[in-house]
Structure formats: structure tokens, C-alpha cells
Amino acid sequence: VTVTPILSVLPTRGLVDEKFKVALENLPPRFPVTLHSLHQSEDKDYWEAFGYYVSDDRGRVTVSQDASLGGTYTGAEPMGLLWSMRPVPGSRTGLRLRKMDVQSPMVVLISAYKGHVFEGFREQPPMASAVTERWYMAPGVQRIDIRERGVKGTIFIPQGPGPFPGVLDMWGGGGGLVEYRSALLASHGFVSMALDYLSFETFKTHNECLSYFEKVFSIIQQHPQVIKDRVGICGLSLGATVTLTMAAYCKSISPRCCVCISGSHVFPSGVSFAEVFQFKEMDMGKARLDEQKRVIWRDMILPIPTDPQRKVAMGRIKCPLLLVNGDDDQNWATVESAEDMAKMMRAAGNDHLLTTLTYHDAGHLIEPPYTPHFRASNFIVQHSKQKVVMLWGGQTKPHADAQEDSWEKILAFLRQHLYPCPSSSLPQAKL
Amino acid sequence: MSWRSCFYFLRAAHKTLYTLQEQLGLLGRSGIRPSSTMAQTVTPILSVLPTRGLVDEKFKVALENLPPRFPVTLHSLHQSEDKDYWEAFGYYVSDDRGRVTVSEDASLGGTYKGVEPMGLLWSMHPVPGSRTGLRLRKMDVQSPMVVLISAYKGHAFEGFREQPPLASALTERWYMAPGVQRIDIREGGVIGTIFIPPGPGPFPGVLDMWGGGGGLVEYRSALLASHGFVSLALDYLSPKVAVADDQSLVYFEKAFNIIQQHPQVIKDRVGICGLCLGASVTLNVAAYSESVSPRCCVCISGSHVLPAAKSLSYVINDGYKHMDKLLVDEQNRMVWRHAILPITTNPDEKLDMGRIKCPLLLVNGDDDQSKATVESAEDIAKMMRAAGNEHLLTTLNYHDAGHLIEPPYTPHFRASNFIIQHLQQKVLVLWGGKTKPHADAQEDSWQKILSFLREHLYPCPSSSIPQAKL
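Those protein sequences? They're chains A and B, same order as listed. Under our numbering, the letters of the first sequence match residues 679 to 1109, in that order. Under our numbering, the letters of the second sequence match residues 24 to 493, in that order.
If we strip away everything but chain A, and leave its shape as in the complex, we get (with noise of 0.2 angstroms):
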């Protein structure tokens, strides 16, 4: 007796942020079946997710709808076979799931296997699969390299006629070029530049470091498809700290609005601006282990300094801006710190510039949605080139939704902020 379910998942092909609706059909009724999702990452581990379902009388599953009773996910979680991924039994350990290369789908098979299985999943064939693809590109979207005067990074341009508004995207201190967000946020209609600001000579100066990033902003700027006055920057963690410091403190260049996601305004102590990069001078002596020997490393700015000195004078910054953090941030004080820079702005009375959003139970790597959470991964400390395993923070499920919410608003934000308002005055149609 064969069981030949049909197991369709559409779209078949999506952008990374694009819902999709997995079902099964032609099953027995209330035939108990887990749904499994697979992928290899471009390091060749393997990640995996699954959930447990019971066919309706009529012989259905339907991902969307019903909920999962166990597994990698419970409820009603119509992306849980993705955000809910972990590397499978015996994989190295420390792993993080990112793709480097964006001109090519992330491809995730989907499986139908009998009754509620844990593990073995490998041992049996599925009833049925299905392949799909997550894409970080829409079709049309243009990735144009850019190595110009000491500047490295990518350029993402939407598909069409333009112009568009833009944004300067920066991802933290792990270093390296990190297209995947850039990739994205061009599918939404913003031409984005992903930069690589970790990987060069140290700056020396303060004022060095600065006309840097005022030269990589205005590349944006002077782009022929770009509006030069709808420009904005969006970083995570140490990004997040240049974007606070260019809106702060760049003479020649004003973003139109700011995203800072899971950031501070407090320098590592005891240095400067500059010296930020070189991480040279940073007191290592707050950071501990936990019961796992993970690094914590959010107490390092913490009490949140008084010293002016030591953070970014948040009264100067002149544009709106939104803070998206998690409040189980293992890897940095966000949330103090958000807290800290709203005071220093209501003083300066800038505080309705100010958004801040706080999601319960979501770590520090706040990233575009349906994306697997990792409470701790490998990291390379940049100064001491040494391995440790970085505790980020997060428990799952609220982390995904955090990735969720957050992604719609910052998006929205974006909008909102820097594709110029529809003008009244034009002629309008009589109804």
C-alpha cells in the first residue's frame, strides 16, 4: 500500500523575504507525517528544520494553517521550516548560516516523511519532496563591484528607470563584504551599497576616518540613479556605530535617515572614533565567559559611560532615526544604550527624531526574515585574530519574529523617509 501525497510548496521560487504556503495533499486522514525543509550551505554543512502535522479528514496538511505539534517548531508557523533551522546531528559546532554569494538562490528541499520522526530522517525515504529557491535578488536587480579610490564594496541597483532613493549598508565587526541585506534592500527599490570597511590600513585620525566614510556616502550620492538628496545608512553593531558617527559628526555629507540595528553610541572605552577599528586600546577586561566558555561581551560598555568623551553626541544628530534591538543582546548593551542615547536627545531636545524598537527575546543579530537563529557562533576577534565562540543572544522563535517585525518596519521607515512624497499640486484625475 502506497501512500503518494502531494506535496506543493508556492511560490516555488522567492525573495528571502517572501512568505510561502508548503502543503500536502492525498494523504490518509489524520495520517501523522513530519514536514522536513534541508539546505547545504555554501561551507557544505547541512541545516535543517522540521515540524510534526496531523492530516486533516480530508487527507491535508496545510503549513499555514495548522499547527505544528512538535519538532524544530510548534503552532501555527507558516515560515518555521526555515527560521527554525539548526545544523544537523554531528556538524561542526559554532556554525552560522550567511550566504556570500547573492547571485545565487539559497535552494531548500522540502520533505513529507511518515509519523513523527526526530532523527534517521536520512535513513528513509520521504514520501514526497519538493525543491524551492530564496532568493536575495529579484530579477533585474543589478550588482556592480566598486574599487575606487580606496573604497571596496558593492553596489546593488533596483530595476528600472529610477531614480532611487539609496543607502549605505554596514554590517559589524566580523569583518569581510556582506552583500545579502544590500542584495535585498535593491529588490525593494533602493540602491544599496554593501561596504567593506574593516579590511584595509587603520585610519590615524579621527578626521581620516571620517572623510572615509564621507567619500564612500557621496559615491552613492553621485551615482546617476540615485537621488541625491533621499540618501540613507543603515548598520548593525559596530556598522551601527559608524552611522551613528557619520550622522553626528560628517560635515560635507547628511544622511536623509538612519537605521541603526542592535548598535550603541558608547566607543569601546577608552578610544576614539578612529581607534575603533584598530580595536587596539579596547579593554578586554569586562568580557567573560559563560558556563559554555562563550564570550559575553555586552558588559564592556556597561554602566553606559557618562563621559562625553566616550560616546557619540547624539544632540547632533539632525535626521530621523530608528533603533531596532533585542533585549536578550548578549554581544552589546543596546537596549541601555538606546536608553542612554533618548536621554541624551530629549536633553538636547532632538528626541522626536527618535525610534526605538525593543524586541523581548531576541539576541543581537537581527537580521532580514525566515532566516535560522543562532544563540552563539564562531567569531574572529579582528585585533587579536583569536577564535572564540561569540554568544549573540536570542531564544528562537521570539528572534524570528523579532527578524520578521523588524524587517517590515525598517523597510517602511526607509520608505517613509526617503522616497519623496507625492506631490498634491499635480493634476489629478476626476473621478
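By construction, these hints were calculated from the structure, which means they are not laboratory data. As the structure is a prediction and not an experimental result, all values here were calculated from the model. Some hints could be false.
With a cut-off of at most 16 angstroms between alpha-carbon atoms, the simulated EDC-like pairs for lysine to aspartate or glutamate come out as follows [what the hints assert, rightly or not]:
no., chain 1, residue 1, chain 2, residue 2
1, B, Lys83, B, Asp128
2, A, Lys697, A, Asp1083
3, A, Lys699, B, Glu80
4, B, Lys83, A, Glu696
5, B, Lys83, B, Glu127
6, B, Lys380, B, Asp291
7, A, Lys777, A, Asp723
8, A, Lys777, A, Glu811
9, B, Lys81, A, Glu696
10, A, Lys697, B, Glu80
11, B, Lys277, B, Glu210
12, B, Lys81, B, Glu466
Dock chain B against the given chain A, drawing on the hints supplied.
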């Protein structure tokens, strides 16, 4: 055409082509210098969801950040494999929030009207100045159809390729889902392509045949495989195919067996699907083959009128026996529907439908100008009623649909160029149908064809399997 109008035509055509190429990015972005200062006041955001879809997946096209009550034209553009350009467009006015939602708002005019989520695809036609008699078909199914969706200011029906759009988005339409395998079949003289769904299987199988136009047409098979059927697209008309006169059914039986014997196919769950001449072949095999038994059959725009158990080459030639019955309309288009009218009462000139032993689905358009399919279907029902096997028959008749009922959201063409295979003669054939009803017929029939195939080819789940205790 006078020399002068010819000159203007060519200049316009060249300018159009240049502008289209710019828009399709073929000339790179250097040719475009939009204003990048504050003079640009309308910067709408155009989205297509999903950005990449299967050909039969619906999409949502939306515009936002327009001024309220702002007239716009939504436009689609596609360059076919033959390098012709196809387009469609609809007129909209943004709502009070400055939005246009194609799946909910009514188009006020253009190539389609009313609330038509997929109108930008099915109402496409060749752009002005194109060659005549064109038909849009995707021959390479391993790459997507790329469609450029654009938004223009105001309600334009021409010349809007001379103005830059307000915004555009590119979307891909695929016949093959990820994971579907495509394998060339050259086996025992059989020429075709097999498509295998992803997964362990086993799967039901479908033998898939197009019409008298010939060639190896893969797209419906690719789409069937994307829905869980091992599907073999069969070439049965090209000269390479060795179909000897006295082996009329052998070729098709061989093709059927190739599917059945595939390790991932459920042996007793193989059906046949055919359009036009392919439908006649389907009925022929279902009624007369002694060695193969299709589990079910789908016949699109077909007929049972042809000499029973005769060879294929006879069948093709015979189709042109009634040349005197072929009308040519006022636009020099061949109208073939009368060739088999009135439906013959001579049993030797039609297939014995009483011999059909499996469920049969007929899909026809009542404006079919190429074949009298509706009349044939009535006669089929009569024959099956008399033989007592009418319970196997389901007939779908679509009002104002034409002959070429294809998978949904692809354009309709009332007539197109056609090469009569054995005569190697090029004519313009009238297929019939009106665009909107034909598009509806394609959408509805495809759903019903897939349901029919699933119902008969996917094994019913056994109720004797132990069930979960809730």
C-alpha cells in the same frame, strides 16, 4: 504603404527598438540620465509578487507612493525567443492612498478591462509594427519567460515607449519548478523529452502530445512535472520519426511503455494528454491499442472523426482530403472547422468510442474555427451512450474560446502562421476564440485538467492505514 509612411514607420520602429532595448538593459544603463534632483515628483514603488513564478502561478502587481487619483498605465513587455516583442497594458487610477492594486482594482481600458490580476500576461499581443501571424511559445523550458512590467504616467495606448516609465519591475515566469529533471529520450526510434518531478516518487505518468504543427513542444510536460507527474513530451510528426504505415499504433505504444517502465513511475497510473491531432492520437490509442491501457485520457480540442486504426501518415493526409471544404476568410485565413462537418454517420470514418475503457475528459472551445470539436464531442457522447460507457465521459465546453487551449496566462491569438507538415506549405490558420473568454478557458481548464489527472492517476490513500489517535 507609401515611401513616406514607410520611412516614418521604420524610424518609429528603430526608435521603439532602441528604447525597448534600453528598458531591457541591453544597452546598459549609460543611456539613461533621469533627473536625480528634486524635480522628480512621482517616484512610485512597483512590486510584483512573487518575483519569480511558475507560468500557472498568479502574481500580484501593485503600485504605491503615487499621488491620489493619479492616472497610470501598467504595461508589460516580453521579447520572445523569436525576438518579437509582445505587450499588454491596462489603465488605472490610484486610490486616495496613492495605490494601485491590480488584483483588486479595475482596469479602465487597454488590452484588458475590469479586475484582472493576470491581464498583463494573457492579453499580450505583438507590438505595433511586428510581423504578422505570430504565436508565442516557449521552446526552451530550462530558462524563464522574462517579462518587464512598467508604470507610465497617464493613459497611453501608443508611444509610451518614447517616454521613460515611472517605474518598472522584472518578473520571471517558469515552466519548470526547481528540482524538475529534464531528460532527452532517443530510444527505440522514439523521440521525446521526459520530465521528472523532484522527490523519491514513484509518480503517475503522462504521455503528452501536441498537434499537427509538429516538432517537440515541451512546455506543458514541464508544467505537468512541476505538478507531480512524470511527463513525456512526444515528437511524432517530424521526418526523423519512423512511423511505418502498417505500424500505426506501435510508435505510441512504445512511447507509453517508456513512461511505464521508468523506475519512478507507478505502472498502472499512466495517462495520456493530447491537443488537436494529439487528441485524435490519444483516442486512437485508448480505443484500439491491445498492449497499453491508459488510466485516463485528456483530449483538448480534438475529434474522433478519422478512419479507425489507420496509420498516422494516412491520418494526416486524410485531414487534407476535404480541401474543397476548407474556407478561406476575407483575411486569407484558413478556416478548417468544416472539414469534418457534418459529423459522419459512417462508423468506418470515426473511432469507435464504445471501445473506450477509461475516464475521458474533453476540453473544447465553442469558437474553435480549426476543428469541429464541439460537434465531435456531442457525437462522442452519443456513441458512448449507445455503447453504455458514457459514465466515463466528462466534457468541458468553453464559450468563445478557440482551438489552442493552453496552460493559463499565456496570450491568445485568433490566427497564426502554420506550416502544413507534409506539404511544407505555410498558411495563416484561424484558430478562433475571443481573448478574454479564451484566457478564462485556459485558466479554468488547466485547473480541471490537473484535478482530473490527480483524481485518476494519484492512488487514493488507503483507509486501512493506521491513523493517528487525536
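Consistency of the hints with the structure:
no.: 1; hint: B:Lys83 <-> B:Asp128; result: 11 angstroms, holds
no.: 2; hint: A:Lys697 <-> A:Asp1083; result: 13 angstroms, holds
no.: 3; hint: A:Lys699 <-> B:Glu80; result: 12 angstroms, holds
no.: 4; hint: B:Lys83 <-> A:Glu696; result: 12 angstroms, holds
no.: 5; hint: B:Lys83 <-> B:Glu127; result: 9 angstroms, holds
no.: 6; hint: B:Lys380 <-> B:Asp291; result: 14 angstroms, holds
no.: 7; hint: A:Lys777 <-> A:Asp723; result: 12 angstroms, holds
no.: 8; hint: A:Lys777 <-> A:Glu811; result: 13 angstroms, holds
no.: 9; hint: B:Lys81 <-> A:Glu696; result: 15 angstroms, holds
no.: 10; hint: A:Lys697 <-> B:Glu80; result: 15 angstroms, holds
no.: 11; hint: B:Lys277 <-> B:Glu210; result: 9 angstroms, holds
no.: 12; hint: B:Lys81 <-> B:Glu466; result: 10 angstroms, holds
Hint violations for this structure: none, all hints satisfied.
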